[in-house]
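Generate coordinates for the entire structure from the input sequences, incorporating the hints supplied.
Which chain is which? The protein sequence lines are A and B, in order.
In case it helps, our numbering puts the first sequence at residues 1 to 327.
In case it helps, our numbering puts the second sequence at residues 328 to 609.
Calculated from the structure, these hints are not laboratory results.
Here are some, though not all, of the chain B residues that point toward chain A, as calculated from beta-carbon distances under 8 Å:
# : residue
1 : G451
2 : L454
3 : A458
4 : S480
Ranges between beta-carbon positions, derived for each pair:
# : chain 1 : residue 1 : chain 2 : residue 2 : range
5 : B       : D509      : A       : D40       : 45 to 55 Å
6 : B       : W384      : A       : S20       : 20 to 30 Å
7 : A       : N18       : B       : S604      : 57 to 67 Å
Fair warning: this is a prediction, and the values are worked out from it, not measured in the lab.
Note that beta-carbon positions come from the ideal geometry of N, C-alpha and C, so glycine has one too.
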Amino acid sequence: MKDFRDSAFDAIHQILKNDSRLMVLTNDMGAIGLDSIREDYPAHVINMGIAEQNLMSVAAGLALTDKVVLVYGIASHMTLRCLEQYRLDACAMNLPVILLGVGSGLAYGADGPTHHAVNDMGAMGSIPGLTILNPADASSTSALVEWAYLQSRPAYIRLDKEAHQPLYEPGSLDCQQGFSILRKGADLVLVSTGMMVHRAIQVADVLESEGIQVSVLDVFRLAPFNTEGILEAIQHVPLVVSLEEQAGPGGLGSRLAELVVDHAVSVRCHRMMLPEQFFLGTATRHRIHDQCGLSLEKICQTVRGLLGSLMGSRTLSRNGLAVSGAK
Amino acid sequence: MNIQLLEWKAASLRRVVLQMALRAGKGHVAPALSWVDIAVTLFYEGYLRVHPNDPQWEERDRFILSKGHGCLTLYAVLADLGFFDLAELETFVKDGSRLAGHPDPNIPGVEVLSGSLGHGLGIGAGLCLGAKLDRRDWKTYVLLGDGECQEGSIWEAAAFASHHRLTNLVAIVDRNHLGATDFTEQVMTLEPFRERWEVFGWEVRTVDGHSFKELLEAFELNELDKHDRPLVILANTTKGKGLDFMEGEAHWHHRLPIGTQADEALEVLHRREQELSQVIQG
Numbered sequence: 001m002k003d004f005r006d007s008a009f010d011a012i013h014q015i016l017k018n019d020s021r022l023m024v025l026t027n028d029m030g031a032i033g034l035d036s037i038r039e040d041y042p043a044h045v046i047n048m049g050i051a052e053q054n055l056m057s058v059a060a061g062l063a064l065t066d067k068v069v070l071v072y073g074i075a076s077h078m079t080l081r082c083l084e085q086y087r088l089d090a091c092a093m094n095l096p097v098i099l100l101g102v103g104s105g106l107a108y109g110a111d112g113p114t115h116h117a118v119n120d121m122g123a124m125g126s127i128p129g130l131t132i133l134n135p136a137d138a139s140s141t142s143a144l145v146e147w148a149y150l151q152s153r154p155a156y157i158r159l160d161k162e163a164h165q166p167l168y169e170p171g172s173l174d175c176q177q178g179f180s181i182l183r184k185g186a187d188l189v190l191v192s193t194g195m196m197v198h199r200a201i202q203v204a205d206v207l208e209s210e211g212i213q214v215s216v217l218d219v220f221r222l223a224p225f226n227t228e229g230i231l232e233a234i235q236h237v238p239l240v241v242s243l244e245e246q247a248g249p250g251g252l253g254s255r256l257a258e259l260v261v262d263h264a265v266s267v268r269c270h271r272m273m274l275p276e277q278f279f280l281g282t283a284t285r286h287r288i289h290d291q292c293g294l295s296l297e298k299i300c301q302t303v304r305g306l307l308g309s310l311m312g313s314r315t316l317s318r319n320g321l322a323v324s325g326a327k
Numbered sequence: 328m329n330i331q332l333l334e335w336k337a338a339s340l341r342r343v344v345l346q347m348a349l350r351a352g353k354g355h356v357a358p359a360l361s362w363v364d365i366a367v368t369l370f371y372e373g374y375l376r377v378h379p380n381d382p383q384w385e386e387r388d389r390f391i392l393s394k395g396h397g398c399l400t401l402y403a404v405l406a407d408l409g410f411f412d413l414a415e416l417e418t419f420v421k422d423g424s425r426l427a428g429h430p431d432p433n434i435p436g437v438e439v440l441s442g443s444l445g446h447g448l449g450i451g452a453g454l455c456l457g458a459k460l461d462r463r464d465w466k467t468y469v470l471l472g473d474g475e476c477q478e479g480s481i482w483e484a485a486a487f488a489s490h491h492r493l494t495n496l497v498a499i500v501d502r503n504h505l506g507a508t509d510f511t512e513q514v515m516t517l518e519p520f521r522e523r524w525e526v527f528g529w530e531v532r533t534v535d536g537h538s539f540k541e542l543l544e545a546f547e548l549n550e551l552d553k554h555d556r557p558l559v560i561l562a563n564t565t566k567g568k569g570l571d572f573m574e575g576e577a578h579w580h581h582r583l584p585i586g587t588q589a590d591e592a593l594e595v596l597h598r599r600e601q602e603l604s605q606v607i608q609g
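Below you can see the structure in the form of structure tokens.
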């Protein structure tokens, strides 16, 4: 199964066939896909060494000479290590410097907090005008890399390190929409992003076997957030639950909560995310998820509890819950 | 221009710089005054190839004021050269003006946003790499503050530029020996400064940053020399140059004279400008 990184580099390789303006910079990170690009286009790949501040400033300088620059590295280092350089040199001048950060969330689980990207969406979300993309499978990764390239403006693409089951047929993703409705159900909406989309589908499978009708949203573009589309998708259900492998403000849950408050949506909104803490020591992604209530079993348990608490004030549908006035 | 004309131009710009700041009640006057002579050499002697009527001319040389707080001098030069109207200088830091306390690329002639220190050399290196890849002849000049060279990112960029043999990159350090509150050598020593640049693989020239003769020689040599490394000109300067009470005094970094002292300071700069004007005409 093709992983996110291979898909991203395949897309870049394709773009380079037609556009010699594209440059790929890395902070001494390797990848088979990158080697392949280097072999065909040696002048277009630059190993900038382990100097991320300079990397971002150089990327901005290159973009000022009409280049489109893709920067590849570990997500936590590509974002928080050199946030100011990216914010001021690339984003404030609206230059096409696109970050490809591998290792979203806890993908580097056992490598410790230096390599976890669990606050990156909050930090990057504070940059005005920055596009943040968080694909959930290989096909959407290549589609979003190409889409970001065509936008020719600052973008941050988070890539999971693990391969996941395909969700989309190649060419089927509506990048402009910013999210997809993977399933439709009237009792609750699971709003998810990145690898958590797969967990959301598992949760939906379990709950549907219990007679609960579940919608699943894959929000692959966190910013700009498709407020109108998501608003439409979460209306007329009693419960919305966000699922993300992110901590603190600025992630999917935050954006959803802001939407609910700003638009006075009458819905029970519950956010499921990582706690704000440094995960010191060795802990696998699986173990941390379990500890933090993000395992399949614990999410199902939480959702059942939320549905149960709503039952007192809502009308039961034939199979589970339905809100009064639901479609 | 002959040297007397350059001196007159510098005196005139110093007067404009102070006038702008006094009118606004704000501005980094001392850091602006220290690089006026460097600016005059670069912009008025044709070393920086730019077209005021076509600021985005593709083949132009790029200039980056990495020490963005020194923008009073840049604004005065750009307006004087015709990048924008001289009258706009009166709007410096006024509500709604393009001329903010740190420069941004909405101002004709300004290439990049600057003000947070340590960014300009890396951006300049990126520009130079892009120019080399595209086989363009234009150069990039980056003016750095010496206090700014305490930033680690400057040395990342210095290593990168020499590694990639960016001979189209020229850094000029406004070595006035002062940071925002104290002498650089008191805060975090930069010396041996010349050697630092040398071991990072740069061609180094040290000049008196207020001597047009030495500045011209340094820029001229850069035109003629075929050195195989980036060039840094270490220009020894005096912060607040032109105003006795301000020269080399740490507390004038972003302080303005007021009352009689302001009137006298303006009078000193105005008189110097007139004296030089008479010399030229006489």
